[in-house]
Structures are given as structure tokens and as C-alpha cells.
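S.K.: Keeping their order, the protein sequence lines are chains A and B.
According to this note's numbering, the first sequence is numbered sequentially starting from 1.
According to this note's numbering, the second sequence is numbered sequentially starting from 114.
What you were told as hints is all true, and nothing was included just to trick you.
List time: in silico EDC-like cross-link candidates among lysine to aspartate or glutamate, alpha-carbon distance up to 16 Å: (1) B/Lys211 <-> A/Asp59; (2) B/Lys211 <-> A/Asp30; (3) A/Lys17 <-> A/Glu63; (4) B/Lys116 <-> A/Glu42; (5) A/Lys18 <-> A/Glu63.
Cβ-to-Cβ under 7 Å is the rule here; a few derived chain A residues that face chain B: (6) Glu42; (7) Leu43; (8) Leu45; (9) Tyr48; (10) Asp59; (11) Leu90; (12) Pro98; (13) Phe104; (14) Gly107.
If you want the footprint, here are the derived chain B segments under chain A, 3+ residues with CB under 8 Å: (15) 141-150; (16) 158-172; (17) 196-206; (18) 211-220.
Derived by calculation from the structure, the hints in this document are not laboratory data.
Quick reminder that beta carbons are idealized off the backbone N, C-alpha and C, glycines included.
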Amino acid sequence: EADIYQTPRYLVIGTGKKITLECSQTMGHDKMYWYQQDPGMELHLIHYSYGVNSTEKGDLSSESTVSRIRTEHFPLTLESARPSHTSQYLCASTKTGPTGELFFGEGSRLTVL
Amino acid sequence: DAKTTQPNSMESNEEEPVHLPCNHSTISGTDYIHWYRQLPSQGPEYVIHGLTSNVNNRMASLAIAEDRKSSTLILHRATLRDAAVYYCILVRGGSNYKLTFGKGTLLTVNP
Numbered sequence: 001e002a003d004i005y006q007t008p009r010y011l012v013i014g015t016g017k018k019i020t021l022e023c024s025q026t027m028g029h030d031k032m033y034w035y036q037q038d039p040g041m042e043l044h045l046i047h048y049s050y051g052v053n054s055t056e057k058g059d060l061s062s063e064s065t066v067s068r069i070r071t072e073h074f075p076l077t078l079e080s081a082r083p084s085h086t087s088q089y090l091c092a093s094t095k096t097g098p099t100g101e102l103f104f105g106e107g108s109r110l111t112v113l
Numbered sequence: 114d115a116k117t118t119q120p121n122s123m124e125s126n127e128e129e130p131v132h133l134p135c136n137h138s139t140i141s142g143t144d145y146i147h148w149y150r151q152l153p154s155q156g157p158e159y160v161i162h163g164l165t166s167n168v169n170n171r172m173a174s175l176a177i178a179e180d181r182k183s184s185t186l187i188l189h190r191a192t193l194r195d196a197a198v199y200y201c202i203l204v205r206g207g208s209n210y211k212l213t214f215g216k217g218t219l220l221t222v223n224p
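With the rest of the complex left out, here is chain B (with noise of 0.2 Å):
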């Protein structure tokens, strides 16, 4: 399977825009690119997915680089509820695969 590499944490200040970088340089063709966040004592939730161009939705955008071995998740104005663990995961078409989360990235977002 696929893998990413995600810093370990990051740091921003409210209202700012956070850009969270994710590498996964051996995708192959039919892995879409999801983001999940876990929010503290909770389950993650689902933030964002693409799989060649980028993507807006009302949580964040998504860029995916042109080679599509690394992406951003994008959130234009963070507030203090953004606090979280972002995973980046691989999810890859076909009839059966299994979903496996890294590590992901601390995001401290400061007031």
C-alpha cells in the first residue's frame, strides 16, 4: 500500500490560513487523496478528498501537485476548533482495499 509522509505538528494563529503538507510520492493512479481530522477525545471526520485536480468544499480546499506525489490541505482562516490531528490517507479504487492512518499532524492553532 501506499504511503504518506505528514510533519509530526504545526502551529498557526487564529484567522490565519494553515496549509498542511502531505507527501506520498508512491501513489499509483487509482489512489484518491482523502483528509480526515480527529478533534481531541473524538473519532476523526472526514474533511476532504480528490484524486487530480484540486478541491473546495466549506470545511477546506485541497491542492494535489501536478505529479500528484504530494498535496496541501488547505484551511483559509483557522479557528481555535481546527485544534487537531489532520491525517492524509490513500485510498485506492478497485473492489476491496483497507484504510491504514499515519500519524498525522498536530495542528495547535494559537489565539
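Extracted from the complex, chain A is given alone in its bound form (with noise of 0.2 Å):
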């Protein structure tokens, strides 16, 4: 059983407010991950982390920023959320080397009106 926890699992929210998806492990992980993925489409990565204050941007431009000033804990923030921001958002976690399995939680969705 995976000890990855998202919240909010669903959030509708208008035009220019700010908002943070929090992702938290209890696994001890050092990477941790967030993907976007719209329905039926690609995942794609926005930002990864190898520790704390280590911070990078994915393959896939995003608005969003995040934070890891805790091993256990890597909210992302929209400071301004558009309507072109809705879309399913997934983090992920594993522990360090090429062995070990990537953890996901349940996902964000989220929806811009």
C-alpha cells in the first residue's frame, strides 16, 4: 500500500486565485515528482525534487511552482489559476537508484472555471 497522500482530490475554483495541491509521503523518499495529465492524454513531468530545497523544472512548461523544505512534503502552488490550469495533477515519490519503484497518489483534479 502506497503511503502517498494528495489533497484536495477535487477542487473547482474561479479565474485568478491562488491555490496549492499538497503531497505528502511517509516512505522516508527522496525524489518526489509531479506529473499533468489532461483525460485520455500523456503524462506529463512539471517539476521534480532529489531533496530538500532541490527543486527542478519537467519537460512540460508550467505556471506552477513548488517547495521542499521537508523530505515528507511537495505542494505545488498556481499563484494565478487560469482556466487553461484544469487538468488532473499526480505526485510521485521513490526512494534513491534506478530500482526502486515510483509511488503515485491519487491525483488533484482540477478545475478552473
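Since each chain sits alone in its own frame, please combine them into the complex, following the hints.
M.R.: See below:
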């Protein structure tokens, strides 16, 4: 059973609002990831982190930002939500090393009106 | 980063074996081959991984070509619950790496 949690699961919000999607894991994993996925489409890596105070941008350009102040916590923030940000956001984590299994949270489905 | 190529879709009948191919012709010596699957309305889940030798676990088998430029995920008896998108990705050894997914293969299982 994966110990990685995302909140909120669903969020409907108006344009211009600031939102934070939370992601926490209790497995002590150093590496954490955020993916964006539209229905029926592929997963796009938008942010990742190798450990505390390290964050990198992924392959898909995103207006969101992330922080990694604690090992277990990797929140994603949108300062001013727009309808184009409507999507599902999936958080994942894995231990250091190439044999580690990637564990995913259940996702946060964001709708911006 | 080394890329993988998979068929967009495949179809199988229930209780029959399924062989899902993946090409990774630019694989490097330290790349591990991982497979994940994503069931409808869920996040991806790990299936299996290997480096050079064939691997078996309770979910599937992974057959890796001798030159490592391709691999095949084998579901021995497909069930309706195996209908999902299957992703083959390469995970590089070393201290830092990012994990990117391609489009995967959509597996349809017919009753």
C-alpha cells in the first residue's frame, strides 16, 4: 500500500485564485515528482525534486511552482489560476537508485472556471 | 535521455496471454527497464522492472532482448481488470535522474 497522499482530490475554483496542491509521503523517499495529465492523454513531468531544498523543472513548461522544505512534503502552487490550468495533477515519489518503484498518489483534479 | 517506443494500442481476449512490446534502441548500460500501468481514473502503478535478465513477479513477466534494445511485458492470462495504459520507461542509474513517461500502450481486453 502506497503511503503517498494528495489533497484536495477535487477542486473547482475561479480564475485568478491562488491554489496549493498538497503532496505528502511517509516512506522517507528523497525523490518526488509532479505530473500533469489531461483525460486520455499522456503524463507530463512538470516538476521534480531530489531532496530537501532541491527542485527542478520538468519537460512540460508550467506556471506552477514547487517547494521542498521537508523530505515528506512537496506542495505545488499556482499563484493565479486560469482555465488552461484545468487538469489532473499527480504526485509521485521513489527512493534513491534506479531500482526503486515509483509510488503515485491518487491525484488532484483541478477545474478552473 | 533514452526514449522508448510502444504501439499506441493493443487488443486481447480474456484469459489469453498478452505480449506488450517496447523498443529502446538507445538504451545505455546503466538504464533499468521499468513498466507501469494506469487503470482508468487512477494514478500509474508499478508492474515490474529489470536490467538484463528476464524477470517474473505475481503480476507479469518481463522478457529483455539479449542486446537490451527491446523488451516485452507478458501478462500470462489477461483479465478484464488488466485493461489499462501500459508504460515502458527507462530509469538511469546514478545519483540524479528524472522520470518521464511516453504515451504508452492502451490495452483493451475483450470478454
